[in-house]
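Could you build the full structure based on these sequences and the hints that come with them?
So the protein sequences, as listed, match chains A and B.
For the first sequence, counting from 1, position 160 maps to 160 in our numbering; every step adds exactly one.
For the second sequence, counting from 1, position 164 maps to 164 in our numbering; every step adds exactly one.
Hints in this document: simulated from the structure, not taken from any laboratory.
From a predicted model like this one, the values you see are computed outputs, not experimental measurements.
There may be inaccurate statements among the hints.
Same chains, same names: a pair is fine if it fits in one copy or spans any two.
[Said to hold, decoys possible] Taking lysine to aspartate or glutamate pairs in the EDC-like style, the calculated list, with each CA pair at most 16 Å apart, reads:
| id | residue 1 | residue 2 |
| --- | --- | --- |
| 1 | LYS203 | GLU80 |
| 2 | LYS157 | GLU139 |
| 3 | LYS157 | GLU7 |
| 4 | LYS82 | GLU139 |
| 5 | LYS178 | ASP107 |
| 6 | LYS178 | GLU165 |
| 7 | LYS203 | GLU108 |
| 8 | LYS203 | GLU165 |
| 9 | LYS82 | GLU165 |
| 10 | LYS194 | GLU177 |
| 11 | LYS178 | GLU91 |
| 12 | LYS157 | ASP210 |
| 13 | LYS194 | ASP171 |
| 14 | LYS194 | GLU91 |
| 15 | LYS178 | GLU7 |
| 16 | LYS194 | GLU139 |
There are 2 protein chains.
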Amino acid sequence: MSTVITEQQLLAMETRYRAALINSLGGFKSVVLLGTANAAGQTNLAIFSSFFHLGANPALCGIIIRPDVAPRHTLNNILETKSYTINHINEGIYRQAHQTSARYGGDESEFVQTGLTPFYVPGIHAPFVQQSHIQLACEFVQRADITLNGTILIIGKIVYIHLPENAIGTDGFIDIEKAGTVTCSGLDSYHTTKRLSRLSYAKPGVLPRDI
Amino acid sequence: MSTVITEQQLLAMETRYRAALINSLGGFKSVVLLGTANAAGQTNLAIFSSFFHLGANPALCGIIIRPDVAPRHTLNNILETKSYTINHINEGIYRQAHQTSARYGGDESEFVQTGLTPFYVPGIHAPFVQQSHIQLACEFVQRADITLNGTILIIGKIVYIHLPENAIGTDGFIDIEKAGTVTCSGLDSYHTTKRLSRLSYAKPGVLPRDI
Numbered sequence: 001m002s003t004v005i006t007e008q009q010l011l012a013m014e015t016r017y018r019a020a021l022i023n024s025l026g027g028f029k030s031v032v033l034l035g036t037a038n039a040a041g042q043t044n045l046a047i048f049s050s051f052f053h054l055g056a057n058p059a060l061c062g063i064i065i066r067p068d069v070a071p072r073h074t075l076n077n078i079l080e081t082k083s084y085t086i087n088h089i090n091e092g093i094y095r096q097a098h099q100t101s102a103r104y105g106g107d108e109s110e111f112v113q114t115g116l117t118p119f120y121v122p123g124i125h126a127p128f129v130q131q132s133h134i135q136l137a138c139e140f141v142q143r144a145d146i147t148l149n150g151t152i153l154i155i156g157k158i159v160y161i162h163l164p165e166n167a168i169g170t171d172g173f174i175d176i177e178k179a180g181t182v183t184c185s186g187l188d189s190y191h192t193t194k195r196l197s198r199l200s201y202a203k204p205g206v207l208p209r210d211i
Numbered sequence: 001m002s003t004v005i006t007e008q009q010l011l012a013m014e015t016r017y018r019a020a021l022i023n024s025l026g027g028f029k030s031v032v033l034l035g036t037a038n039a040a041g042q043t044n045l046a047i048f049s050s051f052f053h054l055g056a057n058p059a060l061c062g063i064i065i066r067p068d069v070a071p072r073h074t075l076n077n078i079l080e081t082k083s084y085t086i087n088h089i090n091e092g093i094y095r096q097a098h099q100t101s102a103r104y105g106g107d108e109s110e111f112v113q114t115g116l117t118p119f120y121v122p123g124i125h126a127p128f129v130q131q132s133h134i135q136l137a138c139e140f141v142q143r144a145d146i147t148l149n150g151t152i153l154i155i156g157k158i159v160y161i162h163l164p165e166n167a168i169g170t171d172g173f174i175d176i177e178k179a180g181t182v183t184c185s186g187l188d189s190y191h192t193t194k195r196l197s198r199l200s201y202a203k204p205g206v207l208p209r210d211i
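Here it is as structure tokens:
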């Protein structure tokens with residue numbers, strides 16, 4: 001049995017019910033830990049489920065920052081230092097990752113509160129998460145305000161990548177499943193994955209084959 | 001063994017190798033079929049791995065359209081008719097979904113070429129994919145050009161949802177894993193998922209529990 005939800009029904013829904021429903025509709029999401037530090041070195045770590053690829057040359061990625069995340073340490077630190085890290089989440093740390101969304105005060109680092117370990121790379125201001133298996137550093141390049149609902153798109157350039165050597169294929173593909181990266185759906189559901197297949201580049205008239 | 005890739009190494013990479021690598025780093029992605037039709041009713045169906053949640057009230061979602069997708073039937077149809085559908089992909093149709101990325105001419109609908117079936121709902125111009133288990137209709141509300149690399153962010157309002165009745169929880173959460181929705185990584189890798197758990201709303205001082 002299938003069911004239909006109309007715009008009128010959406011508008012009439014209780015706020016938290018609608019938030020859970022609409023967040024689930026986006027499909028499986030890229031969920032990451034975003035590490036920053038202010039100019040004085042005070043660290044912050046926050047979970048984001050809105051990380052997305054924007055381009056490979058230059059290597060650009062985007063993240064959406066919500067208006068209701070107050071106080072917005074992540075945004076302030078990115079704008080102040082231009083530096084942030086993106087750390088993939090694996091099965092061993094997804095509970096701690098989720099816990100970073102608790103509203104800690106400005107003087108309480110989520111690293112300390114959740115037991116995740118910061119580590120630093122020379123020349124990069126923001127802290128990485130040691131327990132993560134795939135880590136990137138980004139340099140802030142552009143902010144785009146989405147006035148419709150007060151969300152902010154932060155665009156970054158990928159300047160550093162740290163990953164397991166055996167996860168990189170000969171064609172550049174990174175096997176993030178092998179590296180243990182998890183995905184999420186909705187506001188709070190975490191999932192491991194199982195590959196169906198990789199498919200060949202699509203051409204008219206020929207069905208894609210497994211590669 | 002882990003390895004490091006620097007910005008200099010990224011810049012020196014062969015173009016297709018870098019594209020595969022950078023696309024993989026974005027984590028698991030929401031992969032959907034986007035259905036449109038021009039004013040005359042000529043249909044188009046295209047796979048996108050950049051669908052993301054933007055807000056629940058109003059219910060907004062975003063999609064990134066790449067500059068190198070020529071001819072851009074999807075973009076033209078959205079701007080012309082303001083209507084598009086988002087159709088989750090399941091294990092039964094991921095090969096056909098991938099095949100929609102082949103560069104068909106303007107008079108060849110991907111529906112016909114891939115064997116996916118269009119269906120229509122009164123009041124909604126764009127076609128849905130019958131074989132999809134979760135389908136949304138969106139109304140175009142805003143375009144934001146990302147001048148850094150020529151990509152375009154299309155923002156839409158969700159106006160209609162069609163989904164399996166047994167996938168909606170009492171709290172509004174939609175179990176997209178139960179509905180068979182798949183995820184992708186990189187340019188060509190498709191995956192089913194297995195839930196680890198849903199976690200309770202995070203609060204300082206209390207570890208999240210399974211819900």
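Comparing the hints with the structure gives:
Neither within a single protomer nor between protomers do LYS203 and GLU80 lie at most 16 Å apart by alpha-carbon distance, with minima of 46 Å and 27 Å respectively. Within a single copy, LYS157 and GLU139 get their C-alpha atoms as close as 5 Å, which meets the 16 Å cut-off; across copies the closest is 31 Å, which misses it. For the identical chains of this complex, LYS157 and GLU7 are inter-copy neighbours only, at 9 Å across copies versus 37 Å inside a copy, given an alpha-carbon limit of 16 Å. Proximity of LYS82 and GLU139 under a CA criterion of 16 Å is satisfied intra-copy only: 6 Å inside one chain copy versus 35 Å between copies.
When the C-alpha separation of LYS178 and ASP107 is checked against a cutoff of 16 Å, the pair qualifies neither within a copy, at 36 Å, nor between copies, at 41 Å. Taking the closest pair of Cα atoms, LYS178 and GLU165 come within 16 Å of each other only inside a single copy of the chain (11 Å); across copies the shortest separation is 34 Å, beyond that limit. Taking the shortest alpha-carbon separations for LYS203 and GLU108, only the inter-copy value of 13 Å comes in at or below 16 Å, while the best intra-copy value is 53 Å. With identical chains, the CA atoms of LYS203 and GLU165 are never at most 16 Å apart, being 32 Å at best within one copy and 37 Å at best between copies.
Proximity of LYS82 to GLU165 under the C-alpha cut-off of 16 Å is found in neither arrangement, the shortest distances being 28 Å within a copy and 46 Å between copies. Taking the closest pair of Cα atoms, LYS194 and GLU177 come within 16 Å of each other both inside a single copy (7 Å) and across two copies (12 Å). For the homomeric pair LYS178 and GLU91, the shortest alpha-carbon distance inside one copy (12 Å) is at most 16 Å, but the shortest distance between copies (20 Å) is not. Proximity of LYS157 and ASP210 under a CA criterion of 16 Å is satisfied in neither setting, with 32 Å inside one chain copy and 36 Å between copies.
Proximity of LYS194 to ASP171 under the C-alpha cut-off of 16 Å is found in neither arrangement, the shortest distances being 21 Å within a copy and 27 Å between copies. In the homo-oligomer, the alpha carbons of LYS194 and GLU91 lie at most 16 Å apart both inside one protomer (14 Å) and across protomers (12 Å), since each shortest distance falls under that limit. For the homomeric pair LYS178 and GLU7, neither the shortest alpha-carbon distance inside one copy (41 Å) nor that between copies (24 Å) is at most 16 Å. In this homomeric assembly, LYS194 and GLU139 never come within 16 Å of each other (Cα to Cα): the closest approach is 32 Å inside a single copy and 34 Å across copies.
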